[in-house]
Amino acid sequence: MTGFRRYLLRRLVLFFFVIVAVLTILFAILRILPGDPTSIFVDSNFSEEMVRQQRVLWGLDDPWWVQYLRYMRNMLTFDFGRSFFQNQPVSEIILEKLGNTAAMIIPSVIISVILGATLGSWLGWKRGTKREALTVFLLLFARSTPSFFVGIVVLMIFSYWLGWFPPGGMVSIGGGGDSFWSTVFSLDFLHHLILPMLVLMTREVTSPALLLRSTMLEVRGSDFLEILRAKGLPEKRIMVHATRNALLPLVTDIAVMMGFIFQGQVLLEIIFAWPGIGRELVTALGDLDYPIVQAAFYVMALTILTFNLVADLLYGVIDPRVVYD
Amino acid sequence: MQEKLADSGGPTAAAARPPVRKTGFGRRIGRLLGGFTSSLATIASYPTGAAGLAIIAFFVVLALSAPWVAPHAPFDVLTGESKQLLRLKPPSAAAPFGTTNQSMDVFSQVIWGSRIALLVGLTAAVGSAVLGTLIGLFSGYFGGRTDDILMRITDVAFGIPFLPFALVILSITGPSLAIIITLIVCFLWRTTARVVRSQVLTLRQRPFIWAARAAGTSELKILFVHIAPNVLPLMFLYMAIGVQAGVMLEAALAFLGFGDPNLISWGRMLNLAFKAGAVRTAWWWVLPPGLSLSLFVIAIFMVTRAYEEALNPRLRQM
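Top line first, the protein sequences correspond to chains A and B.
The first sequence begins at 1 in the working numbering and counts up one residue at a time.
The second sequence begins at 1001 in the working numbering and counts up one residue at a time.
Pulled out of the complex, with its shape left as it was, chain B reads as follows:
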């Protein structure tokens, strides 16, 4: 296990390397990307991680090539030869996954839905991981009053039940994807903040930080140049978990009827199908979006699990 990490220059290897000497913005970005690709290599060295990455890659390709792969636009109404509507047709050659009660192609909708899943997952995860990491960094490093205020805000965030809160907000503002993503970000940062904070609390006591301080490095520079790179592996982990949570939460909100009405997501497909009673009459409308959602979420789980094991080898033995 340890050798494996050392070979791939994995995230823990980077974390163990004490102060980052080389400065320069470009180089730092390079390190960030390097850390990211080597994390991917570490994940791929686990069979489950590799399988997860493959499934995610499949969905990414599907989402990017949706206009060419999907036979129809998401809201296209299908008609037969004599212009009759093709309502609730079971799977056939013309519509591989059948049609909805409004004569729309389920297959195409599932493909277009992958775009929303990826968009929500990625933006919500990046947003919440960055926000949570910043709050954790400031809270853990400066301590005192800053820490008190930020941690009380975190406590309040933990006290708000997400789904009810999001439902209330969305029924006020009206459903839109941007608001859904914002809500998910507001909900997901809290765990990252707490975990990063406790990591920073221990980092702060390490000799290389004393050395930096003795050398007269400014506080902000210590925080972002010396401490921040060491919490990046954690941030990536919570980002990955955030993708999973983000996709699930969007699906849950959309399923409850609070999805963006101008877009088709897997959750919204399930909502429409459920409302139309397709659970009883049209299994082909229910299973494809649901299975896609499950497959995608489980793939991310497999990736995060592999990454977690790489970060914390104890998990394997436990």
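The shape of chain A in the complex, shown without the other chains:
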């Protein structure tokens, strides 16, 4: 277990190092922004003295390393300040948007994993048939199609032509519950969720399916399956036993998937006008609302890194055969 402990420690140190590096890059980028963010608050009627006083109050006259350390402390304690335009603390805004994004991603991933794993175990079992080859090709095909175009087409057909689903948004105007949870469990929300979820699924279903197919192929030759067969179990039951043993790598795959989804999420949220964190970032960039920009960017990077960390750690915890050096 000491091997694992050392690995865990090394992995955590690396995690922290990467976060600090990403934050430093973000700091550097936002400092070289053209234009002075104070100009947003400073009216041309202000005297130079007043402008200078404000700059001192905001800490903009401090040396850069003081600003850097302050920024680091604020970021690491999730203190993001207030939005320039929405009179609200940034952390509240970000938390709300992150919740909306999760409300789309989590159900999609759960359904995709269940469907994909079932499909994949069937594919692994039916290896070598024509139908299997075709399905695998279709899956690879779905994975390489640009999903934002799929989103546009789906929106065009099911929302504008057929009128079955609303053309975007998370709830109808005036709709939605009083709290986050009552909204998420309302029928209106579900109605809005279906289209973006389907688009997300066309892509997300491929990864568990292909993964489970290849692990099934490895499990298929195992001795314990022969014993089950000798006991006279029907093929279908044997397949279930094999699947259970092939499920291990899927867990890490889910964590990796979650990280990836967060990157592509921006596009889907724009297409379906979903008030999530990706859309918030794009809006804030347009508004030059820098506190929101840096918080949204940081939170997205943090989410991806955390899921990658979880994936790496789960890999060892779940499969005792993994050896750390």
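Hint data in this document are derived by calculation from the structure and do not stem from the laboratory.
Ideal Cβ placement from N, Cα and C applies to all residues, glycine included.
Do not take every clue at face value.
Among the chain A residues that face chain B by a calculated CB cut under 7 Å, a handful are [unchecked claim]: (1) Val18; (2) Ala21; (3) Gln263; (4) Val266; (5) Phe297; (6) Met300; (7) Ala301; (8) Ile304; (9) Leu305.
Below, simulated DMTMM-like cross-link-like pairs (lysine to aspartate or glutamate); rule was C-alpha separation at most 25 Å, straight line [as the list claims (entries may be wrong)]: (10) Lys126/A to Glu1309/B; (11) Lys126/A to Glu226/A; (12) Lys126/A to Glu1308/B; (13) Lys130/A to Glu1309/B; (14) Lys1275/B to Asp1076/B; (15) Lys236/A to Glu132/A; (16) Lys126/A to Asp223/A; (17) Lys236/A to Glu218/A; (18) Lys1275/B to Asp287/A; (19) Lys126/A to Asp287/A; (20) Lys130/A to Glu1308/B; (21) Lys1221/B to Asp1147/B; (22) Lys130/A to Glu218/A; (23) Lys1221/B to Asp1148/B; (24) Lys130/A to Glu235/A.
Please build the complex by placing chain B on the supplied structure of chain A, with the hints as guidance.
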């Protein structure tokens, strides 16, 4: 499968050949090109690979002959007989794919857009593959501190979410194609670097490298003359994947409104169409760029898949 590779002198056959004896710059370039054409032959021997190559060839011809094939320049405004603007006209003989809300010809824009797709795809792929391969080579071969530093940089690169990062940078610098390509290169090299590094780690232990070292060959020469040729097939594979990723990323950025405003790309067409509400009113403005993009990306996927299978025959059995 194995015979097929041996016939065509495919990339794995080249990779298995131990040390490269013949030196001379011209000959090495010749080998590189030879490896490239024989890779193409290998790809074409798969039906999907051949189909992919045909589609890509079609787009290459289209892009090169755009000034002659496209009836209009990308930003030409079309007018009717009495000089009225032809806004949002459905497909007709005059404009086979209809017109945009600014009376521009969708057909011509799609053709001109293929140039941007090819330009971005090719430069981003070559740039990132070369950068990633160099970093992987140095990191894997020299190990120690070099490896540590380069791999930590790679870890950081993996921690940066591309789209948000690119959006922030582009909103600072203003959208331009050169910056978009640079950003894509900065994003794509990381996977190549990791894969090449692990390949170099095993190559480094092979007897022919010991032999070269015993013969007193300099480190850099071992790296570039003896090791580098053996990772070329991998580099080509990641280059091909890079074309696909590059085209997709440019389209994504352009769709989000961060495309080069002086150029028309498929992603930018989709952006303009989406903003103008064409999804509801003008399907002919949305489908041609979107389908071209999908077709092109899928064609590259078919090629990379065939190439991957050739490099790794296990994929077929798996």
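Task: Gln263/A as chain B interface residue, shortest Cβ-Cβ below 7 Å - done: 5 Å, holds
Task: Evaluation of the interface hint that places Ala301/A against chain B, nearest CB under 7 Å - done: Holds, about 5 Å.
TODO: Go through the hint on Phe297/A and say holds or violated, using the shortest Cβ distance to chain B against 7 Å.
DONE: Since chain B brings a Cβ to about 5 Å from Phe297/A, closer than 7 Å, the hint holds.
- [ ] Please work out if Lys126/A and Asp223/A have their alpha carbons no farther apart than 25 Å.
- [x] With a Cα-Cα distance of about 19 Å, the restraint between Lys126/A and Asp223/A holds, given a limit of 25 Å.
Task: When the least beta-carbon distance from Ile304/A to chain B is tested against 7 Å, hint result - done: 6 Å, holds
Task: 25 Å Cα cutoff - pair Lys1221/B, Asp1147/B - done: Given that 25 Å is the threshold and the Cα spacing comes to 19 Å, the pair holds.
Open item on the list: With the threshold set at 25 Å, check whether the alpha-carbon distance from Lys126/A to Glu226/A stays at or below it.
Closed with: 17 Å, holds
Task: 25 Å Cα cutoff - pair Lys1221/B, Asp1148/B - done: 22 Å, holds
TODO: Closer than 7 Å between Cβ atoms is the bar; does Val266/A clear it against chain B? Give me holds or violated.
DONE: 5 Å, holds
Open item on the list: With the threshold set at 25 Å, check whether the alpha-carbon distance from Lys130/A to Glu235/A stays at or below it.
Closed with: 20 Å, holds
TODO: Please verify that hint: Ala21/A, Cβ, nearest Cβ of chain B, below 7 Å or not.
DONE: 4 Å, holds
TODO: Starting from Lys126/A, check that the Cα of Asp287/A is at most 25 Å away, please.
DONE: Violated. Lys126/A to Asp287/A sits at ~54 Å, over the 25 Å cutoff.
Comparing the model with each earlier hint shows a violation of hint 19 alone; every other hint is respected.
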